[in-house]
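Chemist: Residue numbers (my numbering), protein chains in the order written: chain A, 82 to 445; chain B, 3 to 635.
Everything labelled a hint here was simulated from the structure, so no lab data went into it.
Predicted, not measured: the structure shown is a model, and the values here were computed from it.
Backbone N, C-alpha and C fix where the C-beta goes; we use that ideal spot for every residue, glycine too.
Wrong hints could be hidden among the right ones.
[Said to hold, decoys possible] One side of the interface only, derived from the structure: several residues of chain B facing chain A at Cβ under 8 Å:
#	residue
1	Leu18
2	Phe19
3	Arg20
4	Leu33
5	Met34
6	Gln45
7	Val46
8	Arg48
9	Asn59
10	Arg60
11	Asp232
12	Gly234
13	Val238
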Amino acid sequence: MIKRLWKRFLAPLDLVLLAGLGLLVLGSLTVLYSASDGNWMLVGKQFVNVLVALAAMWLVANMPLHYLLRSAVPIYVLGLVLLVCVALFGEVSHGARRWLHLGVATIQPSELMKIAIPLMMAWYFEKNEAALSLKNYLVASVLLLVPIALIFRQPDLGTAILIGASGFYVLFLAGLSWRVMIGLAVMAAASAPFVWPRLHDYQRHRILMLFDPAQDALGKGYHTIQGMIAVGSGGFLGKGYMNGSQTHLDFLPERTTDFIFAVYSEEFGFVGALVLLGLYLFVIARGFMITAEASTYFTRLLAGSITLTFFTYAFVNMGMVTGILPVVGVPLPLISYGGTSMLTLALGFGMLMSIHTHKQLVKT
Amino acid sequence: MNRRTELRNHQREIYLFRLRLVMSLGFVLLLMMILLGRLFYLQVVRQSDFRTMAESNRIKPMPIAPNRGQILDRNGVVLARNYSGYTLEIAPSKVANLEATINELAGLVSITPKDRRIFKKLLAEGHDYASLPIRSRLTDDEAARFAAQQYRFPGVEIKARLFREYPFRESASHLIGYIGRINEQDMQNLEEEGLEDNYAGSDYIGKGGVELSYEKELHGTTGFEQVEVDAGGRGVRTLSRTAPVPGDNLVLTLDAKLQEIAEQAFGSYRGALVAIDPNNGEVLAFVSKPGYDPNLFVDGIDSETWDELSNSPDVPLNNRILRGQYPAGSTIKPFMALAGLHYGTRTPEQTIRDPGYYMLAGSSHHYRDWKTGGHGSVNLFRAIQQSCDTYFYGLATEMGINKMHDFLSKFGFGSRSGIDIEGETGGLLPSEQWKEARYHQKWYAGDTVSAGIGQGYVLVTPMQLANAAAILANDGVGYRPHLLRQFQPNGKPALPVPPVQPAFDLHLDPDDVELVKSAMVSVTKPGGTAAWAGAGAPYDIAGKTGTAQVIGIKQNEKYIESQVDERNRDHAWFIAFAPADKPRIALAVLVENGGHGGVTAAPIARKVFDYYLLNKVPQPLRAQAEKNGAEND
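With these hints in hand, go ahead and build the complete structure from the sequences.
Modeler: This is the structure:
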């Protein structure tokens, strides 16, 4: 009986992917314990977040693919409506309007968009699969740019960039011509002088600090510098678990969230970072395999975008902590403390698993 | 066919997609490599740099200020000491409303308007200390009361500190000096000397007297603690500790008891007295009256008290011994006599007739002798004994100012004595060259006449006169006057007194010296100008009185003391050494507006000699000492 239930539970899950994710999450709980100075409460909360995410992933993994296909438009529309609501009467916190208060809970609709964009754009290309023309790419771009514009105005540069990336991956995988991409890149570069004055001061600062964090060592550059000191001082083998001085003497800001990679690198060193990158690469490789084997245009685009977006999250976060990217406020996927980002990621991996599990059931 | 195209399209599409997927994988791997390269750079290539940065984040050296050395007199009497006490300190950066906080604190501990003024001054001076004292020397009661309420006052703390205390207060204040809070200028000086690290934990520095000149030895060496701190700067644990080395105690040449007797002997007079051991240059007494209480300066003096001190007509802050420049008056005569003998301008036997005035050839101007009607027939001996002005007018004129300058400068006139505290001035020994350079004027014969009796351009400090007396007492062998006898490292016996080498030997003719000395002895004998001061002394005093004019008297006027405003009255001088045959002590006494040296200044010298040579304590002092003794019992 229990054995059958267990089988039923495992049935929709991709065990290879699950193993990779499980190791990352275990790592997360371990590092969080150190990053929070041995705070069991925090580790416990994160464990609950993991359980919730696991449940959500399992549910999504169970969904037949046509559910996913049909849910694309409603989710996208819902996300868009919520974003408009945020813009109109969202809650302001830390100088940004990102949250919507819904009586019992506060939600951040931009998180929903992280799922909605790949779904919607994959759905759109699937619908027009037969004869793709430049017009389709244009429409898809509009589908992408409207929510991005709303998120950018909140302002939430980090999320806007990441969602933009997830949408771009769909366009790229859907075969957007190189000429168009190069043209757009040139245009983007040309438009920089016009975008620059419209950025918020703190965003501009962060971009400037990228080039020279030492210039403002006590102000905006402090995060980056302390992060780099933590990573660098970890050395080849690290200072040992619970022994990072940057971490435990409060020099590192946002240790349990955005800068958790610095904690990890300080205590586990270059070898530890290598292991972590290896684990990420393992999960991404598995995502690519699922993508390659996906049965429909929709699922291919969706799986590809989810995998690449996951990588982008990880890269942007680690790049920011090691000082090669500006500090944009992106958590390290599956490692940073926080339920929302964990849940969003779990939904994505649930879809990947669904695509993997159900590929045989869909006729080609 | 339709289906076929669709199929072909489908194949093409899968091919295209896979191509793009492979590109994506390439993109992922590329970025991963970049990240890996960056990590390698940070964690392997530049590991030691970042280790160092992390360590300097984590480990802060916390200075431990050394205890300042004490200052003792030659017999071990403590002149400056430390005692530990509590201060109440406010960190202005952590307190929102200073005024309100201080008002509230005033409810717990007494805070006087003066305390507030000093605090405001420190605040205005922009001391970037972590905390500034609002009250020092808290009583145990007050400390306990505040400790119980401390939670109400974030940014206010009680600290245990060492305070400097000068138990003798006004006594010898100009010599001891004082310490004060390190200000910006001090900090700058320390940085220039590269000493700022050694003062990292220190709040105070010597500002005058021996506190300043022996600052380095008194201060000691700062210790350090390596403390692990968190990002907020709070200490987590101590990693290592280097103990501070306390400053050396200073043993001075001063005799505190002698100093006290000398000060008391002045009574209500202002003036100065320096006593030197002519055999080695040790300064035995160093009186500049009135003095000031150096304790006032330690915690920063408030502006009202400061104004009071600095605007007082008695100028208590002025170190009269080193900075007071007065006409030498007749005290210059023994040295003039030596010069006369040295150059052969006068022989011991040669006599002059003194009608009570002196006239230069071709001039009708009368240079008056102090004695109306004159001294009659005067030789060198009598000229010193009775302080005959006319004799020295003629001597100076015949010798000429340049010879006079050359000879007197050997005794230290016109230059600093080189005593080991700061602020000394050099007085003025005029010469033709000097007048030309200073006033672009020719030297007149009349200038020489006045200079011959220590008036005119001649200015001396009490230090110079005492030093000159000591050189004469020691037959022309001079020592650099000094206040430091020896150092005594903390907790250890005093270092041996370094052997003192004579600074110079003037190689005076012993007969000349003998004659001048015997004339000086006669000054304190019946018939001399200070006969009263020498009366009944069981030892011989060689002395010379002097009078320094404060205002000029016109040619046809007579100086009548009772008719002159008190502060315009003449200053009284007396230089002396004793016992005359084998001098152990030489001194100079100046009594401001004291009139004649024999009357006011010489008796002070007598009291000093009596104590130093006979251990005799003057009557009123003894009574007081007995009273103190009774109280102590």
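Chemist: Each hint: holds or not?
Modeler: Checked hints:
Taking 8 Å as the C-beta cut-off, the interface hint given for B/Leu18 holds, the closest approach to chain A being about 5 Å. Annotation: interface hint on B/Phe19 holds; nearest CB of chain A at approximately 6 Å, less than 8 Å. Interface restraint check for B/Arg20: the shortest CB-CB distance to chain A comes to about 7 Å, inside 8 Å, so the restraint holds. Hint status for B/Leu33 relative to chain A: holds, with the closest Cβ pair at about 5 Å, below 8 Å.
A least Cβ separation of about 6 Å between B/Met34 and chain A falls short of the 8 Å threshold, and the interface hint therefore holds. This hint holds: B/Gln45 has a C-beta 4 Å from the nearest C-beta of chain A, less than the 8 Å allowed. A cut of 8 Å between beta carbons decides the hint on B/Val46: the least distance to chain A is about 6 Å, and the hint holds. Below 8 Å, beta-carbon pairs count as interface contacts, and B/Arg48 has one with chain A at about 6 Å; its hint therefore holds.
Given the 8 Å rule on beta carbons, the hint for B/Asn59 holds: about 5 Å separates it from the nearest Cβ of chain A. With a cut of 8 Å, the hint placing B/Arg60 at the interface with chain A holds, because the nearest CB-to-CB distance is about 4 Å. For B/Asp232, the suggested interface contact is upheld, since its CB lies about 4 Å from the closest CB of chain A, less than 8 Å. Nearest Cβ of chain A to the Cβ of B/Gly234: about 7 Å, under the 8 Å cut. The hint holds.
Restraint check, B/Val238 versus chain A: the minimum CB separation of about 7 Å is within 8 Å; hint holds.
In summary, the structure agrees with every hint in the numbered list given earlier.
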